[in-house]
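Protein sequence lines, in the order shown, are assigned to chains A and B.
Residues 1 to 248 in our numbering are what the first sequence lists, from first letter to last.
Residues 1 to 250 in our numbering are what the second sequence lists, from first letter to last.
Don't read these hints as lab results, they were simulated from the structure.
Here a beta-carbon is modelled for each residue, glycine too, at the ideal position from N, C-alpha and C.
It is possible that part of the hints are untrue.
When the alpha-carbon atoms are kept at most 20 Å apart in a straight line, the in silico SDA-like pairs for lysine to any residue are as follows [said to hold, decoys possible]: (1) B:K92 to A:A223; (2) B:K92 to A:D219; (3) B:K92 to A:D218; (4) B:K218 to B:Q101; (5) B:K88 to A:P220; (6) B:K88 to A:R216; (7) B:K88 to A:V74; (8) B:K92 to A:D221; (9) B:K88 to A:D219; (10) B:K92 to B:F63; (11) B:K88 to A:D218; (12) B:K92 to A:P220; (13) B:K92 to A:R166; (14) B:K88 to B:K218.
Derived Cβ-Cβ restraints for the label pairs, each shown as a range [said to hold, decoys possible]: (15) A:G239 to B:D102: 51 to 59 Å; (16) A:G146 to B:A37: 36 to 44 Å; (17) A:P220 to B:L234: 31 to 39 Å; (18) B:A37 to A:L36: 29 to 37 Å; (19) A:I238 to B:D97: 39 to 47 Å; (20) A:L103 to B:I191: 24 to 32 Å; (21) B:E62 to A:E22: 24 to 32 Å.
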Amino acid sequence: MPAVVGTLFVVVPLAALVAQVEWSDFWGLITSESSLSALALSLRTSAVSALVCVLLGVPMALVLARTRFPGQAVLRSLVLLPMVLPPVVGGLALLYTFGKRGLIGETFEVVGEEVAFSTLAVVMAQVFVSMPFLVVSLEGALRVAGERYEVVAASLGARPTTVLLRVTLPLAVPGLISGAVLAFARSLGEFGATITFAGSREGVTRTLPLEIYLQRFDDPDAAIALSLVLVVVAVLVIGLTRQRSGAL
Amino acid sequence: MIPALVLLAPGLVACGGDDDGDGSSGDGTTLTVYAAASLTSTFEELAERFEADHEGVDVVLEFGGSSDLVEQIINGADADVFASADTKNMDKLTAEDLQGQDPQDFATNTLEIAVPPGNPAGVTSLQDLAGDLDLVICAPEVPCGAATQTVAEAASITLDPASEEQSVTDVLGKITSGQGDAGLVYVTDVIAAGDTVEGIEFPESADAVNTYPIATVKDGDAGDLAQEWVDLVLGPDGQQVLSAAGFGAP
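Turn these sequences into a full structure, and let the hints steer you where they fit.
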């Protein structure tokens with residue numbers, strides 16, 4: 001019974017959204033110049049963000065799952081913090097770090113790279129909020145896989161690098177894939193940190209969620225149509241991975 | 001599950017708005033005012049005066065974007081008074097025939113340039129905003145952005161913003177943090193922001209004067225209190241508070 005209530009609570013609002021869609025000009029609404037540019041920007045930045053999450057998150061997950069050191073529990077909590085933090089707070093934190101007057105923002109300006117109002121800022125915001133999803137899911141997979149095969153491989157003479165590349169990571173691939181997909185999906189939906197840190201400009205920083213939020217004032221029909229696009233993309237992404245890895 | 005629902009129930013009913021017994025019956029009367037976010041400080045001050053003058057009356061203020069508020073009222077929110085930051089959103093209320101009395105204009109607001117303290121980009125006029133700096137404005141879809149477009153067109157300049165934000169608050173945030181070099185917000189926002197930004201007036205702002213209308217909501221629970229609130233806002237006390245916050249006379 002609670003399961004039914006829970007399911008309805010999620011499904012009914014989505015159905016209500018679909019019911020609001022103006023199907024007659026749906027295609028026109030989602031193929032307008034600003035919509036397409038927001039969708040393209042969202043897909044592009046989310047893909048890059050998911051990739052960055054993998055590059056930085058895999059070593060983090062390995063360290064958390066395979067080593068023991070003092071303060072590890074604290075470190076894990078800190079790394080996972082963006083998951084529970086309001087994204088706006090994350091955006092402010094980034095602003096006070098990389099902003100024009102931020103902690104290390106001036107260093108960036110010296111290099112000639114201004115983070116403010118750039119697509120780079122969008123990616124940074126997305127990575128900040130998405131990284132924990134990859135780390136959590138990969139760390140879990142590594143723990144479940146256990147260290148038995150690694151010990152065996154090492155006892156048979158495999159060097160640590162070989163063990164990592166041939167044993168540890170292949171075993172964790174389902175966890176890695178589902179983690180990367182979660183990071184991608186979270187990046188796709190990112191709003192608060194982006195609007196706080198990166199701003200909102202068509203084609204540069206205005207991702208699909210920002211476009212939806214903006215359009216809901218002026219053109220609610222377009223906002224609803226775009227929301228549906230976001231829902232469909234999210235469902236596709238999650239559905240595809242589930243089928244592939246069965247691990248999500 | 002069931003006990004949790006029972007616990008929630010009284011709260012849900014109270015939000016439902018069909019508590020007729022609560023309205024204009026002496027003790028514990030509530031007046032619910034829906035007002036544009038830019039009115040926050042002024043209406044809070046007026047609410048205190050109103051409560052002091054009306055014993056037992058509790059003024060509940062709900063602030064937000066005018067478009068969100070009017071949407072909520074049309075969808076059955078329990079508002080007694082609606083004060084909008086523009087005529088467009090008040091028109092949505094009257095289009096649904098939800099006004100008690102006809103709307104009356106009670107204030108105006110004009111745009112001003114906001115820059116971080118010290119004015120790092122050396123902005124002195126509207127024309128400077130077309131130069132090489134990180135300009136932050138409201139998106140054309142929201143009222144402050146529409147006003148921005150109007151002044152830019154009147155001054156025949158083309159603005160190339162680094163960012164088009166969804167609200168005045170978002171614009172101010174980018175300026176106070178020093179992220180943007182200049183922004184266009186309302187005079188009242190600059191005054192409310194205190195020392196965190198500097199304001200620069202410009203003559204072209206007269207081309208986009210924003211008018212604030214107020215109206216009682218039909219079938220509100222608060223009865224005559226709603227009209228008394230409107231009278232307070234339109235009267236000398238209300239006008240004085242609004243003028244101190246930077247609003248112009250209607």
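These are the hints, each one checked on the structure:
1. B:K92 to A:A223: holds, 19 Å
2. B:K92 to A:D219: Holds - the C-alpha atoms of D219 of chain A and K92 of chain B are around 14 Å apart, at most 20 Å.
3. B:K92 to A:D218: holds, 13 Å
4. B:K218 to B:Q101: holds, 8 Å
5. B:K88 to A:P220: holds, 15 Å
6. B:K88 to A:R216: holds, 15 Å
7. B:K88 to A:V74: The given pair, whose Cα atoms are some 52 Å apart, is violated under the 20 Å limit.
8. B:K92 to A:D221: OK: K92 of chain B and D221 of chain A at ~16 Å, within 20 Å.
9. B:K88 to A:D219: holds, 14 Å
10. B:K92 to B:F63: holds, 18 Å
11. B:K88 to A:D218: holds, 11 Å
12. B:K92 to A:P220: holds, 14 Å
13. B:K92 to A:R166: At roughly 65 Å apart (the allowed maximum being 20 Å), R166 of chain A and K92 of chain B break the hint.
14. B:K88 to B:K218: Satisfied, since the Cα-Cα distance of roughly 19 Å is no more than 20 Å.
15. A:G239 to B:D102: 51 to 59 Å: Given range 51 to 59 Å: holds, Cβ gap about 54 Å.
16. A:G146 to B:A37: 36 to 44 Å: violated, 55 Å
17. A:P220 to B:L234: 31 to 39 Å: The hinted range 31 to 39 Å holds for P220 of chain A and L234 of chain B, with Cβ atoms some 32 Å apart.
18. B:A37 to A:L36: 29 to 37 Å: Holds: the Cβ-Cβ distance is about 32 Å, inside 29 to 37 Å.
19. A:I238 to B:D97: 39 to 47 Å: holds, 45 Å
20. A:L103 to B:I191: 24 to 32 Å: holds, 30 Å
21. B:E62 to A:E22: 24 to 32 Å: Holds, at about 30 Å.
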